[in-house]
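Colleague: Going line by line, the protein sequences match chains A, B and C. In terms of the numbering used here, the first sequence has 186 at position 186, counting the first letter as 1, and numbering is strictly consecutive. In terms of the numbering used here, the second sequence has 30 at position 30, counting the first letter as 1, and numbering is strictly consecutive. In terms of the numbering used here, the third sequence has 19 at position 19, counting the first letter as 1, and numbering is strictly consecutive.
These are calculated hints, taken from the structure and not from any lab test. Everything numeric in this text was worked out from a predicted model, so none of it was measured. Misleading hints may appear alongside valid ones.
[Unchecked claim] Distance condition first, Cα-Cα at most 30 Å in a straight line; then the derived DSSO-like pairs of lysine-lysine:
1. A/Lys-170 to B/Lys-89
2. B/Lys-246 to B/Lys-164
3. B/Lys-298 to B/Lys-261
4. B/Lys-292 to B/Lys-62
5. C/Lys-119 to B/Lys-298
6. B/Lys-298 to A/Lys-89
7. C/Lys-119 to B/Lys-52
8. B/Lys-131 to B/Lys-52
9. B/Lys-382 to C/Lys-119
10. C/Lys-119 to B/Lys-213
11. C/Lys-119 to B/Lys-246
12. B/Lys-333 to B/Lys-89
13. B/Lys-67 to B/Lys-29
14. B/Lys-157 to B/Lys-376
15. C/Lys-119 to B/Lys-299
16. C/Lys-119 to B/Lys-376
17. B/Lys-379 to C/Lys-119
18. B/Lys-62 to B/Lys-343
19. A/Lys-89 to B/Lys-131
20. A/Lys-170 to B/Lys-81
21. B/Lys-29 to A/Lys-170
22. A/Lys-170 to B/Lys-95
23. B/Lys-261 to C/Lys-166
24. A/Lys-170 to B/Lys-333
25. C/Lys-119 to B/Lys-81
26. B/Lys-29 to B/Lys-333
27. B/Lys-203 to C/Lys-119
28. B/Lys-329 to B/Lys-292
29. B/Lys-29 to B/Lys-329
30. B/Lys-329 to A/Lys-170
[As the list claims (entries may be wrong)] Every beta carbon over 10 Å from chain A, so not counted as near; a handful from chain C, in silico:
31. Gly-133
32. Val-137
33. Leu-157
C-beta: ideal position from N, C-alpha, C; glycine also.
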Amino acid sequence: MKYAPAALVVLFLASVPLWLGNLYYLHILITTGIFIIAAMSLNLLLGYTGQLSLGHVAFFGIGAYASALVSIGFDLHITDNYTYVLEPKPIWFAALCGIVAAGICGWLIGKIAFKVRGAYFVITTISFAEVVRLLSLNWLDLTEGPMALNNIPPLSITIPGVIDFTFWSKESNYYVVLIVAVICFILIRRIVHSRAGRAMIALRENEPLAMSVGIDVTRYLVLAAVISAAMAGAAGVLYTHYVRIVDPDIFLFIYTVTMVIMVVTGGKGTLAGPVVGGLIFGILPEVLREYAEPEIQWMIYGALMILVVFWLPQGIVPAVSELWQRVTTRGSPAVETGAAQTGQGSRA
Amino acid sequence: MIKQTFRISGVLAALTLSFGAASAQDTIKIGVTEPLTGAVAASGNYVTQGAKIAADELNAGKGVLGKKVELIIEDNKSNPKEAVATAEKLIISDKVPVLMGAWSSTYTLAVMPKLMEYGVPMVVETSSSGKITTSGNPWIFRISPTSEMEAKAFGDKVAPFGIKKADFLAVNNDWGLGAAQEFSKMLKSKGIEVGVIETMDAKATDMSAQLAKIKASGGDTLFLTTGVEQITLVLKQAKEQQLPQKIITTGGSSSPDQLIKQAGDAANGSYHLLFFAPWFPETAPNPDIATKFVEEWKKRDYNFAGLTEGFRGYDGIMTIAAGIEGAGKADPKAIQQALWNVKVHGVNGDISFIKQGPKGKESGQNIPNVFVVTIKDGKVSKF
Amino acid sequence: MEQLAQHFVNALILGGTYALLGIGLTMIFGIMGVVNFTHGELYTFGAYMMFAFVMLLGLNFFASIAVAILLGVALGALIDFTLLRPLRGADIDTTMLVMIGAWIALQNAEQFVWSGIAKSVDTPFPSEPLVIGSVSVAWIRVFVFVAAIALIAATYLLINRTKLGKAMRATFQDPETAALMGIRVQRIYTTTFALGSGLAAAAGALLGPIFVVTPTMGDLAALKAFAIVILGGLGNIVGATIGGFVLAFIEELGAGYISSGYRDAMGFLVIIVILLLRPQGLFAQKERVG
Chain A
1 MKYAPAALVV LFLASVPLWL GNLYYLHILI TTGIFIIAAM SLNLLLGYTG QLSLGHVAFF
61 GIGAYASALV SIGFDLHITD NYTYVLEPKP IWFAALCGIV AAGICGWLIG KIAFKVRGAY
121 FVITTISFAE VVRLLSLNWL DLTEGPMALN NIPPLSITIP GVIDFTFWSK ESNYYVVLIV
181 AVICFILIRR IVHSRAGRAM IALRENEPLA MSVGIDVTRY LVLAAVISAA MAGAAGVLYT
241 HYVRIVDPDI FLFIYTVTMV IMVVTGGKGT LAGPVVGGLI FGILPEVLRE YAEPEIQWMI
301 YGALMILVVF WLPQGIVPAV SELWQRVTTR GSPAVETGAA QTGQGSRA
Chain B
1 MIKQTFRISG VLAALTLSFG AASAQDTIKI GVTEPLTGAV AASGNYVTQG AKIAADELNA
61 GKGVLGKKVE LIIEDNKSNP KEAVATAEKL IISDKVPVLM GAWSSTYTLA VMPKLMEYGV
121 PMVVETSSSG KITTSGNPWI FRISPTSEME AKAFGDKVAP FGIKKADFLA VNNDWGLGAA
181 QEFSKMLKSK GIEVGVIETM DAKATDMSAQ LAKIKASGGD TLFLTTGVEQ ITLVLKQAKE
241 QQLPQKIITT GGSSSPDQLI KQAGDAANGS YHLLFFAPWF PETAPNPDIA TKFVEEWKKR
301 DYNFAGLTEG FRGYDGIMTI AAGIEGAGKA DPKAIQQALW NVKVHGVNGD ISFIKQGPKG
361 KESGQNIPNV FVVTIKDGKV SKF
Chain C
1 MEQLAQHFVN ALILGGTYAL LGIGLTMIFG IMGVVNFTHG ELYTFGAYMM FAFVMLLGLN
61 FFASIAVAIL LGVALGALID FTLLRPLRGA DIDTTMLVMI GAWIALQNAE QFVWSGIAKS
121 VDTPFPSEPL VIGSVSVAWI RVFVFVAAIA LIAATYLLIN RTKLGKAMRA TFQDPETAAL
181 MGIRVQRIYT TTFALGSGLA AAAGALLGPI FVVTPTMGDL AALKAFAIVI LGGLGNIVGA
241 TIGGFVLAFI EELGAGYISS GYRDAMGFLV IIVILLLRPQ GLFAQKERVG
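This is chain A alone, in the form it adopts within the complex (with noise of 0.2 Å):
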């Protein structure tokens, strides 16, 4: 019973398509709705574990590529003499290949990244991208380049016999969209309320504590770096068989800054932050294009950023929520401001 409002949230917006009747709208839900995606993946990291991962955009990128080569195909001249050719391969196998590439990095970085703390690993999770970024610029063998990879076919399913289905239109890749994130929400909650969960929350908010009390902190920040990655790397699988082409720019910082701004403003720690955040600030850009230049809404978004950090510093779900706490109990003193900063009280 108590999932019965998130029920009535999914199926409303599994019926939009059926009533927005402008395909450019449904192309701005399907991307925001993928990057709700890679932003609820960051706030497992940068909420929950409270690791600010600044390089969160190549997990994006490398499922991205990932998935895009193996679907195509390609040639790596490896020595002179020797080519390594990879056939196409069917949609669903690239696809996890590009999971499995971007939770690789994840737990590369899990355990690279992890021996430094604070600034220091900030600026080594902003390197790693920014090597992936320059490696797919000039690695031009394998990725092409700046001349993009095209004709990234389109998502597929096909079970011989049962379904042999293609998702050309805008309408069956909005539903894929919609089913993965429900997954992701779901599966995120789980870890969030599960034991692994609860010691991540304990590492962000106290870690010599949390190692005193035996907790093992390392191993829990790289599993939530190889979900995270993970599930960063699902997004992008998504993104590049719908928009069917990719260039290094994807590897871009700004992309992160995006997440990042997304998780903040609507709440880092909590389950709907990102997808608030997601919303707002993947629709709020093509409402605005008509009003303002691009330069004018990111100096808004900038100055957003900074409003909120100073007057909302748990982001939007948890200022909300409280409001609401407070409106439903009129005033009583039971509600917790540190509600919203443990998993415990965070609304799904």
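Since chain A is already given, all that's left is putting chains B and C on it; use the hints.
Modeller: For chains B and C alone, coordinates are given in the frame of chain A:
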């Protein structure tokens, strides 16, 4: 949870309402996607300015099919992914029946699948990669030359240069790499040796490493293919390194006046392949059209240096207008059919399309003219 | 071989400006613990100020550099005053996020004001380069090198020979004790941020005329500054100076002999390798600030 429901529906409602303004049906809309910001923003802006001159000229007259022409201009941010996004927006949201774009070969190639998907024709005004007209896309009509055509046209003028060994420095995308390939092929066919082929990222500002290698190659000529901003940097740095090679730029995006202004005497002694020479409009195949265009450009106080590219936007829009007139209605399929029969007197020369590409799915290609100019003592002169 | 000499000279000159960037950031990072994402924007700001003064207002080239630096200092002080002061004592994530917001706002303001088209700045130097043997160097680059060294020396003197510098060092070592000893810690922080920003603006003002000025030029510069800070150790000015030159050499030699495309990647690879092997930086055992 309920809050989220309200929030989501609120946002969606706001979205739907804010787009209530339906645009008037009594204009003919033409979509334009150009790089207005980013690495090649200068060129994109020049082309757009040329397009606006064309649109205003049409509207000052009897318009197209008796209606006014409305250009819907989108910025593809010098990026292939954005090019796709702008094309989709123009086609789906603005419902344009025809497009012009997308400047760089890479962006155009990225947009092409969308043209097939939605069945909308696009006039390509600048891109030069051979792939564009040989991929079997019947919605493409290109007025600019391929690198192969450019190389061939230059091949007829190459003898007086007395080149023994040539090196290449190209921007690392379809345009630059294609040009390097075609020009080196042409040179080799004339018995000229090809030295090193170096590349640079479109956003790179420090080419000293590449230039050092070129300097050491023993060549006497350097073919340079990139946008005007990067050409400026290369000229300056080549002079700093005392590069012995004489520099010839290809691709027609060199805006020699801008080079003179920004590179100073580093620009002296360089040669440039152009598709329009605005300093001598009387030498163009259609001198009155060319002269009128130059006059209007100057009247609007646009940067003179941009004329060498702005004409592309002008010719592109004029071609599209002819196509729409021929079609009799603002319908994509009809315009596509009509474009095969257009004969336009453009700034560069006469424009018409021949079939190119795999049978049954040919694209349209125009055969334009090539001019060579040089910069001497801070001024452009005929070669 | 002549190539090597040319690369050496190129690296030396680039290193000077990199050092300026790195010193500025390490001061801010070291003394204030702030991950300063606006550093790159101050760099860009310095370059645009040069464009504005030299090209639009027709001011003297050298005077413009001085003004650009002073304006950079002022902008830094403003940023600290409005954004960082209220957040003193907040955790590092919060300040970092505010800095990111400021970075976005600033960069887009630059883009809005100046547009995305690259701008050139004229220099009063002859375009004929200085030629020594097989090495040729543009005069502007010689000037930049000299100016960078002068600024580095000035900074060094400030940190080590003035009362202000002493106060900064003390604050770096132990802010609470410093406050007890009568140092106006708030002022020191603002001064530090302002000075660090001024150095970034100086780097931009010097490099802008050599290449071109674009709104996004600061992004790569900022990331390289971080690389230099890590190389040299947090708060270590000498380390940052050496780190700046080291990075320039790695880039130049890497671009010349390995691959010109990966030039910018060299710095990041360096960071990752160093953090793997020696997370405290190359020079950590030397004394901290100064």
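Colleague: Each hint: holds or not?
Modeller: Hint-by-hint comparison with the structure:
1. A/Lys-170 to B/Lys-89: holds (14 Å)
2. B/Lys-246 to B/Lys-164: Satisfied, since the Cα-Cα distance of roughly 12 Å is no more than 30 Å.
3. B/Lys-298 to B/Lys-261: holds (17 Å)
4. B/Lys-292 to B/Lys-62: holds (18 Å)
5. C/Lys-119 to B/Lys-298: Given pair C/Lys-119, B/Lys-298 holds - Cα atoms ~22 Å apart, limit 30 Å.
6. B/Lys-298 to A/Lys-89: Outside the cut-off at roughly 56 Å; violated.
7. C/Lys-119 to B/Lys-52: holds (24 Å)
8. B/Lys-131 to B/Lys-52: holds (28 Å)
9. B/Lys-382 to C/Lys-119: holds (28 Å)
10. C/Lys-119 to B/Lys-213: holds (27 Å)
11. C/Lys-119 to B/Lys-246: The hint holds at about 25 Å.
12. B/Lys-333 to B/Lys-89: The hint holds at about 19 Å.
13. B/Lys-67 to B/Lys-29: Holds, because 10 Å separates the two Cα atoms, which is no more than 30 Å.
14. B/Lys-157 to B/Lys-376: This hinted pair holds, its Cα atoms lying about 19 Å apart.
15. C/Lys-119 to B/Lys-299: Holds, at roughly 24 Å.
16. C/Lys-119 to B/Lys-376: holds (23 Å)
17. B/Lys-379 to C/Lys-119: Status holds; Cα separation ~21 Å.
18. B/Lys-62 to B/Lys-343: Holds, at about 19 Å.
19. A/Lys-89 to B/Lys-131: holds (25 Å)
20. A/Lys-170 to B/Lys-81: holds (17 Å)
21. B/Lys-29 to A/Lys-170: holds (25 Å)
22. A/Lys-170 to B/Lys-95: holds (17 Å)
23. B/Lys-261 to C/Lys-166: Not satisfied, since the Cα-Cα distance of roughly 48 Å exceeds 30 Å.
24. A/Lys-170 to B/Lys-333: Judged against 30 Å, a Cα distance of about 23 Å means the pair holds.
25. C/Lys-119 to B/Lys-81: Measuring from Cα to Cα gives roughly 26 Å; hence the hint holds.
26. B/Lys-29 to B/Lys-333: holds (15 Å)
27. B/Lys-203 to C/Lys-119: holds (14 Å)
28. B/Lys-329 to B/Lys-292: holds (29 Å)
29. B/Lys-29 to B/Lys-329: holds (12 Å)
30. B/Lys-329 to A/Lys-170: holds (29 Å)
31. Gly-133: holds (32 Å)
32. Val-137: holds (28 Å)
33. Leu-157: holds (28 Å)
The structure fails to meet hints 6, 23 from the earlier list, while all remaining hints are met.
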